[in-house]
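*Asks:* Chains as they are written, first to last, in my numbering: chain C, 1 to 114; chain R, 1 to 113.
Do not rely on the hints blindly, as some may be mistaken.
Stated by the list, open to error - Chain C stretches covered by chain R per the calculated footprint, using a threshold of three residues with CB under 8 angstroms from any CB of chain R:
1. 18-27
2. 47-60
3. 72-80
To be verified - Here are the computed lysine to aspartate or glutamate pairs in the EDC-like style, where the Cα-Cα straight-line distance is at most 16 angstroms:
4. R:Lys56 to R:Glu41
5. R:Lys100 to C:Glu59
6. C:Lys57 to R:Asp96
Since the hints were derived computationally from the structure, they do not count as laboratory data.
We put the beta carbon where it would ideally sit given N, CA and C, even for glycine.
Residue-level listing of the chains:
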Amino acid sequence: DAGITQSPRHKVTETGTPVTLRCHQTENHRYMYWYRQDPGHGLRLIHYSYGVKDTDKGEVSDGYSVSRSKTEDFLLTLESATSSQTSVYFCATAGGTGLFYGYTFGSGTRLTVV
Amino acid sequence: TQLLEQSPQFLSIQEGENLTVYCNSSSVFSSLQWYRQEPGEGPVLLVTVVTGGEVKKLKRLTFQFGDARKDSSLHITAAQPGDTGLYLCAGAQTTDSWGKLQFGAGTQVVVTP
């Protein structure tokens with residue numbers, strides 16, 4: 001099984017609807033992150049978690065919330081989707097060989113808001 | 001404005017040629033990483049460098065961390081079509097305690113047979 005699983009892989013949703021993306025890890029990593037990737041911007045941090053129920057905002061957190069009720073799962077919710085949130089969303093974890101020694105990424109969720 | 005500037009943005013070369021990708025910043029990083037990303041997939045970690053002046057080799061790939069820990073380069077010798085992908089550099093700032101990474105916008109490398 002993959003170490004990090006993101007679901008769904010693809011989603012099309014309407015403006016104004018709430019959307020939840022799921023990240024599930026089997027790595028037992030303490031740290032988890034949500035990034036979005038857009039052309040010309042690279043990867044930008046939305047929210048991150050440094051433990052169960054411990055989360056904080058990244059640089060582009062407006063319109064997003066997260067929850068982490070157990071080590072394995074990190075949920076990203078778009079409270080009311082807008083077209084500017086059309087993007088590819090990646091979950092990442094860290095904490096295996098060392099916090100600053102690199103991320104393991106999921107395969108991403110492509111979200112389209114129409 | 002990207003904290004980490006990558007250059008060039010796009011590189012197209014023939015198989016067998018060499019290439020270098022640069023990652024520059026005005027900030028100091030406690031570590032710097034390089035990732036390769038293929039279409040439809042997440043980035044995959046290639047290497048982490050943590051010491052100023054450090055050089056790491058991974059087969060035909062050579063990574064260097066600047067003495068001041070503000071910049072890095074990736075050099076590929078005798079590129080192959082399998083090296084095609086988006087190369088991303090990412091750094092952890094010295095003030096950060098939670099492993100948050102700043103990413104460059106990436107360099108798209110295309111190696112044609």
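*Asks:* Please go over all the hints and tell whether each is borne out by the structure.
*Replies:* Going through the hints against the structure:
A stretch counts as covered by a chain when three or more of its residues have a beta carbon under 8 angstroms from one of that chain; for the stretch 18-27 of chain C and chain R the count is 0, and the coverage is violated. Closer than 8 angstroms: that is the beta-carbon criterion, and the stretch 47-60 of chain C has 4 residues meeting it against chain R, so the requirement of 3 holds. Counting residues of the stretch 72-80 of chain C whose C-beta lies closer than 8 angstroms to any C-beta of chain R gives 0; at least three are required, and the coverage claim is violated. Distance restraint check for Lys56 of chain R and Glu41 of chain R: the Cα-Cα separation of roughly 25 angstroms exceeds the 16 angstroms cut-off, and the hinted pair is therefore not satisfied.
About 10 angstroms separates the Cα atoms of Lys100 of chain R and Glu59 of chain C, which keeps this hinted pair within 16 angstroms; it holds. Among the hinted pairs, Lys57 of chain C with Asp96 of chain R is consistent with the structure: their alpha-carbon atoms are about 13 angstroms apart, no more than 16 angstroms.
The structure fails to meet hints 1, 3, 4 from the earlier list, while all remaining hints are met.
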